[in-house]
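Chemist: Residue numbers (my numbering), protein chains in the order written: chain A, 646 to 1112; chain B, 646 to 1112.
Don't take every hint at face value.
Repeated chains share a single entry, so a pair holds when one copy, or any two copies, can fit it.
Claimed, not checked - The list that follows gives simulated cross-link-like pairs (lysine-lysine, DSSO-like), each with its CA atoms no further than 30 angstroms apart:
no.	residue 1	residue 2
1	K876	K738
2	K1105	K718
3	K881	K939
4	K927	K876
5	K1105	K876
Read the hints as simulated data drawn from the structure, not as lab findings.
Number of protein chains: 2
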Amino acid sequence: MNVREEARKMKLAAPYMAAKSMEERNAALARIIDALEQNREAIFRENELDVAAAKEANVAQAVIKRLKFDENKLRDAIAGIRQMIGLPDPVGKITLSRELDEGLLLQRVSVPIGVIGVIFEARPDALIQISALCIKSGNCAILKGGKETARTNRILFGLVHGAAVAAGLPESCLLQVELHNEIDELLQCQGDVDLLIPRGSNQFVQYIMDNTNIPVMGHAAGICHIYLDEKADLAKAIPVIVDAKTQYPAVCNATETLLVNRRIAESALPAVLKALVQAGVKLRGSKEVAELVKKLGDAGKLGDPGAREMCDAGKQGGSQKAAGQGSGRLDGSSFDVEVMGEEDFATEYTDLIISLKLVENVAEAADHINKFGSHHTDCILTEDDKAADYFMQMVDSAGVYRNCSTRFADGFRYGFGAEVGVSTGKLHARGPVGLDGLVTYKYRLTGQGHLVGDYVSGKKSFHHRDL
Amino acid sequence: MNVREEARKMKLAAPYMAAKSMEERNAALARIIDALEQNREAIFRENELDVAAAKEANVAQAVIKRLKFDENKLRDAIAGIRQMIGLPDPVGKITLSRELDEGLLLQRVSVPIGVIGVIFEARPDALIQISALCIKSGNCAILKGGKETARTNRILFGLVHGAAVAAGLPESCLLQVELHNEIDELLQCQGDVDLLIPRGSNQFVQYIMDNTNIPVMGHAAGICHIYLDEKADLAKAIPVIVDAKTQYPAVCNATETLLVNRRIAESALPAVLKALVQAGVKLRGSKEVAELVKKLGDAGKLGDPGAREMCDAGKQGGSQKAAGQGSGRLDGSSFDVEVMGEEDFATEYTDLIISLKLVENVAEAADHINKFGSHHTDCILTEDDKAADYFMQMVDSAGVYRNCSTRFADGFRYGFGAEVGVSTGKLHARGPVGLDGLVTYKYRLTGQGHLVGDYVSGKKSFHHRDL
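With the hints as constraints, model all of the structure from the sequences given.
Modeler: In structure tokens:
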């Protein structure tokens, strides 16, 4: 396939797609549901072949679990499309209506972006969800899924595309790209592809961002923080810390770093660390934290000091800087703190590991987050309104939270109905991105022979009256 | 200067800049006005040295005119800052307020983008205007002006920056970059610079877009069209065509191509061409147009056919494809049509030249514009509502106009108060960009110890109530 040529064709088809009414787009979505339901057995058969091939190739168990597409996943995918049909139309909203002068009317109206390229992980439900999002928002889409689901994607794409075209959408509304080297061709389609949405590993997203002139929406990293303030209510705070770190550690909105106010460190850390360690979290931290934990352990404040073991950095696969670690034992759980260097605080673990650091106050916490974070989602735990206001003003992230888990950063939880992804960029869309992130706007100006010369010469003047 | 280091410093200062109240930002703008007024003589002296050097270097007269900074330009610049002080605050607007569940409140609030790099042409008033826009919107800015105004920019920057800092804004709120090679360093500051706004020649803007991973806002080309529909009112239409082409041909919103409905070509072209030629416009066009014009000339419909001259392509510096041109004479004005190839329709003249083409209907006009245009601003001239609706729906441009000049595409004319530039990109801001284009948003979520685990387990559920 010549991706450039196909993208050009799609670009020229995009205005026809954008002109389809909400009724036509929703009818296409309904037809997709029918096609999926009527071909469930064939879909499962293809998916079983993908799964068998993946097992043969010794693909990791977690990946195989994701690429399996069964009765339950089909049901969820169809429920998702049904929900999307019910969402309000993101297209055609008039967001500005202004008379510039007598008979000269300006309107700003939301329109689809045009052609969107989405590169996504090996998850068959992703193909369905992304196609539905693009159709609902009137966009054309080029889709490239993970290679481990090639057979499943092929049959799903055929069904989705066939149903869309049968419902009257343009032939070029959707295109599937299957070869990995075609991604590089796609990256060269500036001018025809209006937006790229890469999903997958940080490394992959970064590769896309580094190798294209097309605007990219997504997030390369999710380094989220919690700052435990001097005025925190520990009964409320500790469950939030545990939820934010452990509820689903593999995702971008899980917390990676806990900053603790120095004034409460000695009193708060025992209970905080106990809760984290009991939840299976490994501890890393600054030298100061490690020494404090060692001191607390020696003083018997972390449990039975007699059972304390000296830290063995090698055992933990830790860094060479691992000198002076505090260590201890509590209820049989280890809470050794592996010492990390300052620059290591820019680490996304996506695992049951947390970075610990003491800070003087909320100002130092905000500075640390702005320096080492990824501008995703960061939280302050405090009962002090002034500290909370300062934090939420000064932390430069898509989400700034108070007294709740960073895991809430999600389009469904925000009530957007569907989520394209999370953006850590600041242009266009920021944070969880729903259907509104897939539209732009155009200005419509209607006159009656109005000339700019008349305004430049002073013969006429604007009155700019909002309607 | 180490631009990367300075940009990093600015990035860390940006949250402090963003936290300044509107009163503080407006006070800084007022102080800048005072500084400029008190130092007018020194400014003019430096500017005279720039102008003298430019003359010595045989810089083009048009450029010298732009780089002159005199009493009138200073007055206009100060009036611009005064007007900006009066504009509403683009920062701190709450655009979403939703209770996700009991006690869990989500707000979306507008915030400054952060660090903006602006590279602009040799015009001293540009430095003042851009600094004022960035201060008003709470952004930090790195400024690089044209080298021909180095002395003027240096004194202006010193005054503006000094006044801003004296008014309490952070030391790093503004930075001037003076060396051309520092632009390339600036292009490498992804992560610290949030947005680049290049202004200047198409070639320059394209160079910036091709050589950075930082999001770029701007327009590389302005290929605007007018489509003269079958149902146009010529008395209304012809002045619009002339205004759009000739009122200021050097700018991006001037029209480059006139598409004419084939059914009215023979009846309408004589009057249209007469008006254009009388305004000094040179004609290029498809072979079909050229032959029609020749036919019209031969038939005496373009004036005195006896005075018709055969076209001399070489004389006009035209293309080698210039065979079969129509030509004629009218009131002593030449209206030879130089034949152009299809691909030449993607040409921005920024000069008194127009491309002409016949099309079958509004659908062909829209397709042509989507294929050859630059998605800037395009207009239909018609009294037919259905054709107008089709055109405004199907043309994929930032501005879609009916019965008015494309030259209206401008932030001041739209009533935005101030304009950063015009964007032909579709992400973030499209068309003329005012202060609203210099802000993004963040989500604030306030809870009372809310955990995601409770919603995943089904213990709690969201009610998503907009407030």
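Chemist: When Cα atoms must be at most 30 angstroms apart, do K1105 and K718 count as within-copy, between-copy, both, or neither?
Modeler: Cα proximity of K1105 and K718: across copies only (23 angstroms, versus 63 angstroms in one copy).
Chemist: With 30 angstroms as the alpha-carbon cut-off, assign the pair K927 and K876 to within, between, both or neither.
Modeler: within (26 angstroms within a copy, 75 angstroms between copies)
Chemist: Using 30 angstroms as the alpha-carbon threshold, which applies to K1105 and K876: within, between, both, or neither?
Modeler: Between copies, since 27 angstroms is at most 30 angstroms while 62 angstroms is not.
Chemist: Could you figure out if K876 and K738 sit no more than 30 angstroms apart (CA to CA) within one copy, between two copies, both or neither?
Modeler: Between. Shortest inter-copy distance 29 angstroms satisfies the 30 angstroms Cα cut-off; intra-copy 45 angstroms does not.
Chemist: Should K881 paired with K939 be assigned to within, between, both, or neither, using CA atoms and 30 angstroms as the limit?
Modeler: For K881 and K939, only the intra-copy Cα distance (26 angstroms) is at most 30 angstroms; the inter-copy one is 85 angstroms.
Of the numbered hints listed earlier, not one is contradicted by the structure.
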